[in-house]
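Colleague: For the sequence shown, this note's numbering assigns the number 13 to the initial residue and increments by one for each residue that follows.
None of these hints come from the bench; they were simulated from the model. Note that the coordinates shown come from a computational prediction; the quantities given were computed from them, not determined experimentally. Heads up, some of the hints might be wrong.
[Said to hold, decoys possible] Distance ranges between label pairs, derived from CB positions:
| no. | residue 1 | residue 2 | range |
| --- | --- | --- | --- |
| 1 | I25 | Q127 | 51 to 57 Å |
| 2 | L91 | H58 | 17 to 23 Å |
| 3 | G63 | A32 | 53 to 59 Å |
| 4 | D95 | S66 | 29 to 35 Å |
| 5 | L110 | I31 | 50 to 56 Å |
| 6 | L24 | L91 | 55 to 61 Å |
| 7 | Y33 | K123 | 26 to 32 Å |
| 8 | L37 | L102 | 51 to 57 Å |
Every residue, glycine too, gets a C-beta built ideally from N, C-alpha and C.
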Amino acid sequence: MEMIIEFLIATLIILVAIIAYRFLLRYLSKGNVDQAQFCELYSLDHEPASGEVSFYFVCPSTTHVTFHIWKADEVVLTLTDKDYEQGGHLLKFQTTELPNGTYYFGIETSKQKSQKRFTIQN
13 MEMIIEFLIA
23 TLIILVAIIA
33 YRFLLRYLSK
43 GNVDQAQFCE
53 LYSLDHEPAS
63 GEVSFYFVCP
73 STTHVTFHIW
83 KADEVVLTLT
93 DKDYEQGGHL
103 LKFQTTELPN
113 GTYYFGIETS
123 KQKSQKRFTI
133 QN
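Build the full structure now, drawing on both the sequences and the hints.
Modeller: Written out as structure tokens, the structure reads:
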């Protein structure tokens, strides 16, 4: 009988630990990231892209931004690598510089890496 009670107590402790762990995970994942610390990258207006396109992003404060275009996991072009002031920024790009296909564009800062997919069809 004593052994059964010890087993039930051990099981209860394990269940309480699992429940506490799940509550902790929920607490840490619910909106606790301060979005005001990150740049926001916008999608292109027209898809597929052709001719001149404008990439738009917004920085919450002065931030060093590197803007790349990727094909698969390989950087094929770096459009900028400099500090940007708080506010919205527009980068213009001629799609004729790259062959038709699917690419990713995005920004990298010290705190984030954001990418969006786009297709070039000239």
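Colleague: A separate judgement is required for each hint: does it hold in the structure or not?
Modeller: Quick rundown of the hints versus the structure:
no.	hint	result
1	I25 / Q127: 51 to 57 Å	violated (44 Å)
2	L91 / H58: 17 to 23 Å	holds (18 Å)
3	G63 / A32: 53 to 59 Å	holds (57 Å)
4	D95 / S66: 29 to 35 Å	violated (20 Å)
5	L110 / I31: 50 to 56 Å	holds (52 Å)
6	L24 / L91: 55 to 61 Å	holds (58 Å)
7	Y33 / K123: 26 to 32 Å	holds (27 Å)
8	L37 / L102: 51 to 57 Å	violated (39 Å)
Consistency note: the structure conflicts with the earlier hints numbered 1, 4 and 8.
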